[in-house]
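Hints in hand, dock the two standalone chains.
Residue numbers (the numbering used here), protein chains in the order written: chain A, 78 to 347; chain B, 59 to 313.
Quick caveat, the hints were computed from the structure, so don't treat them as lab data.
Please note that a few of the clues may not be correct.
[Claimed, not checked] Think about it this way: if two alpha-carbon atoms lie no more than 27 Å apart in a straight line, the pair counts; the simulated DSS-like pairs of lysine-lysine are:
1) 214(A) x 271(B)
2) 309(A) x 236(A)
3) 230(B) x 157(A)
4) 320(A) x 309(A)
5) 225(B) x 236(A)
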Amino acid sequence: MSTPSDAQIELREVTHAYKTDAGPLPVLDNLSLTVREGAFCAVVGPSGCGKSTLTRLIAGLMRPDEGQVWLHRELVTSPKPTVGMAFQNPVLLEWRTILKNVMLPLEIVAPSMPMAQREERARHLLHLVGLEGFEDKRPSELSGGMRQRASLCRSIVHKPEVLILDEPFGALDAFTREDLWQTMHNLRAEEPFTCVLITHDLRESVYLADEIAVLSARPARLQYLMEVDLPKDRPLDVLYEPKAVEMLAELRHQIQIAQGRAAPDAEAAA
Amino acid sequence: MNAQLRGFLVPVVAIVIFLAFWEWLVWVNQWPNYKMASPSDLWPAFWKFKELFLIYGWQTLWRTVVGLLLAVVFGTLLGMVMGFSRVAREALYPILVGFNAIPKATVVPVIALMFVGADNMNTVLIAFMISFFPIAVSVSIGLSTLEPEYRDILRALGASRMTIFWKIALPKTLPEFFGALKVAVTLAFIGTNLMEIVEPHGKGLGHLFDSGKINADYPLMFAVLIALAALGILLFYGVVLLERIFAGWAERGQT
Ligand SMILES: Nc1ncnc2c1ncn2[C@@H]1O[C@H](COP(=O)(O)OP(=O)(O)OP(=O)(O)O)[C@@H](O)[C@H]1O
Ligand SMILES: [Mg+2]
Chain A
78 MSTPSDAQIE LREVTHAYKT DAGPLPVLDN LSLTVREGAF CAVVGPSGCG KSTLTRLIAG
138 LMRPDEGQVW LHRELVTSPK PTVGMAFQNP VLLEWRTILK NVMLPLEIVA PSMPMAQREE
198 RARHLLHLVG LEGFEDKRPS ELSGGMRQRA SLCRSIVHKP EVLILDEPFG ALDAFTREDL
258 WQTMHNLRAE EPFTCVLITH DLRESVYLAD EIAVLSARPA RLQYLMEVDL PKDRPLDVLY
318 EPKAVEMLAE LRHQIQIAQG RAAPDAEAAA
Chain B
59 MNAQLRGFLV PVVAIVIFLA FWEWLVWVNQ WPNYKMASPS DLWPAFWKFK ELFLIYGWQT
119 LWRTVVGLLL AVVFGTLLGM VMGFSRVARE ALYPILVGFN AIPKATVVPV IALMFVGADN
179 MNTVLIAFMI SFFPIAVSVS IGLSTLEPEY RDILRALGAS RMTIFWKIAL PKTLPEFFGA
239 LKVAVTLAFI GTNLMEIVEP HGKGLGHLFD SGKINADYPL MFAVLIALAA LGILLFYGVV
299 LLERIFAGWA ERGQT
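Excised from the complex, chain B in its bound form (with noise of 0.2 Å):
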């Protein structure tokens, strides 16, 4: 089989197996709605409500990726510093795993008192905040460690700093940075939900969730949540397709 289609049929065939199974669970146990909707409760739920997902699902989308892009920058400039910096690395290091370690959940309340109706931006502060992480330590830690014998192929003819860093120490990185990418974009579209589903303000996937849950319709709960999995999957595989785009070479062939 051609490698192309399998790659696209397993992956359909899987999907549609599961759905197959969860449908026949939800039958045998003769679960109410409420325990357990099934697959074929879903799609009403869609349809009733398909306007309200468009809508709510572009807030959710496009707040993540803003926070995202704003952790790219951040982070990556963060990363510079301490990767070029040896007492930068030293005194930041700390103070970063301290504020990683907070839980964010207990931000949420903390930014939404701050900036209180500003939602958009408490949405996207949030989705920055707990995505940022991994890049800095990721960037920091791909520049502290390039070895000498790499900086030296350019130094030896004289290059200035910059060219180093462009030509050498930045594609050297750019794995490193994308593995990190892939772990911020999940985290920074959790940050987007738990600002929605947290502070609660008529925006986002999350809105509709909270709406299903007062009004217990149990299946557009259900229905939020494969929505919320289509779009993180979405989200990750458009970091994957940068990454084959710019870091395609770190792909070893098999062996």
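The following block holds chain A by itself, in its conformation from the complex (with noise of 0.2 Å):
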């Protein structure tokens, strides 16, 4: 099996149960998936269908039980440095300050960058996302929104080549979540790297990605994808244009189809 060159991420037929009291819970049935170099990939699916898991296997957390994960060309059996990673909690060490949170990767990472360049790189991202002045604060001191940006930058801290994101703007409002869309363009404009995007917001993910899987009701299988095709650098007026309205509205059902509330389409049954 040959991978093409240009897969960053790939997943073949992976499988995944895990292992609970009443027996084992099949999470992920079957899956595949490849994000080229670069590209930006949003998964959205119902809720517990195997998100979190599939972040978790990308990043070599775990292992699947069946099938395999690459990054760049690599199998995939233990965690990477190449590999930042935002949880859907924020988890703050509440005994550091924003700042030295955001510094955190780099000290595993990067033991030998000078204390003052890592101080400058985490200053630099907590001005990207609106956070200065908070730099010294602990993160109690914080708004939920705010800790969820700064885990943010301490995802991306150490520039990372693949990007995990798992729901990080799930518990933003509206108004701090569009913000946050605009940065993590101007973050992709600035320092290129490939991203796997969990959310269920599918605007967001018509707005962010190049390409948009939808899975299935757990246990979770590839059930639709979707290629964005709107330029690159998309102002926000761009999901009131129809092509994006479309995009919504297949998105939407394809949602409905996976928690069984819609009937499948007849040719994708064929």
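Quick look at the structure:
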């Protein structure tokens, strides 16, 4: 089996089940997905279908029961420092200031980097997400949305090749969220990375992604894949254009199929 | 009023009122010395034996602290083993609980017989034995209940187990550790006094108490009780101070 040369993330027929007291709980079922280098892939699907599990497999925090995960043509068997990850909860360390929290990955990945340089990098990112002035605060002094932003900074501070985001904007209010979408675009322009974004916001997926994967209900299969052919540099208004509205309608329809609320399309079923 | 001044004045005023009430109670009831000494009797007792108080107080203090330090080292190591390995936890827990259930007053004579004459070691040993349990339990619970997400922040970057322990698990357990240490310091202090009083060997405030008893010097006995209370407070607030320094972040601001 040869890997296409531009595939940065590749999942091959991944099947996974959790062992629970009530027997195995199948979560992913024969899931294959490829993300090109530099591409932005959004993953949507019903709640509890296995999206967070998928991120943990890509990050190498778990190994799939069957199938393989490849990052940059390397089989993933353990976590890699070239991966950045932001979790569904911000999980900031209460005994560190916001600045020190953001600098944490550098202590692991780049221990030889001078302190001043680390700090400068962290300050720069905090500035980008609108957290300047909060560098020396404790996480508990920040609002939920601000903590989530700090967590986002922590996930990219070491310039990862692959960024995995598990609903990082889920807890934010609509305005902050749209601000951060813009920030994500800016970040990507500044330092390219390949990204997998789990989200439950279809507008977010259309606005940010190059391709959108819809997962079925648990155990998750790849139900539908959509290419987003909108210009790379999108203003927010793009979401109100007919093309985007059409895409949103289709995604909504797909989610309803996944939830079992709508019949699958005749052609897809064939 | 400024908060610092208030934090100092309120307890002092409370103590003065308490002493005045005590003096008044003894005076009103015309209690004899052997029933209840009054605060005004205590000071002469202190003054008469001031050197002994210093010498014996120091003996009690250092043996408590050494016992406690041993308990911290041993309890933390034990807690780490139990926190990281489920098998170790299941194996050691019943043994520990059983050991902790034995009233330590019964262990004192046993220890005193085992190491006859080594009274410093005996006392330190009892202080240690009585106080390591809460430390071991709190460390093991702190480590075993660490949310997987906390571990995963660093694990996702390929950090080693040791790094995760130093950067995440250890600091995250500190508040629980200090909570246990506050209990442990009081226990260690009780342990030291237990040894000094149950198996008198001529050392520590417990010995001074004992000689007060033998000589029917009731004010001296009461004075020893007060000195013990003072020492206990000193030890306790020593731990509180350490907690402020190392785990002050866990204190939430008023909300
Ligand atoms: N450690 C675990 N042990 C057992 N079962 C688990 C574990 N983690 C998740 N599950 C189960 O696996 C299923 C998928 O979980 P997962 O967290 O991947 O879902 P999700 O798609 O991220 O959901 P959400 O959208 O609500 O975040 C759920 O039914 C969950 O109960
Ligand atoms: Mg999830």
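Taking the hints in turn, this is what the structure says about them:
At most 27 Å may separate the alpha-carbon atoms for a hinted pair to count; residue 214(A) and residue 271(B) exceed this at roughly 57 Å. Annotation: proposed proximity of residue 309(A) to residue 236(A) holds, straight-line Cα distance about 21 Å (limit 27 Å). Annotation: proposed proximity of residue 230(B) to residue 157(A) holds, straight-line Cα distance about 24 Å (limit 27 Å). Simply put, residue 320(A) and residue 309(A) have alpha-carbon atoms about 15 Å apart, close enough for the 27 Å limit, and the pair holds.
Taking the CA atoms of residue 225(B) and residue 236(A), the gap is near 21 Å; set against the 27 Å cutoff, the hint holds.
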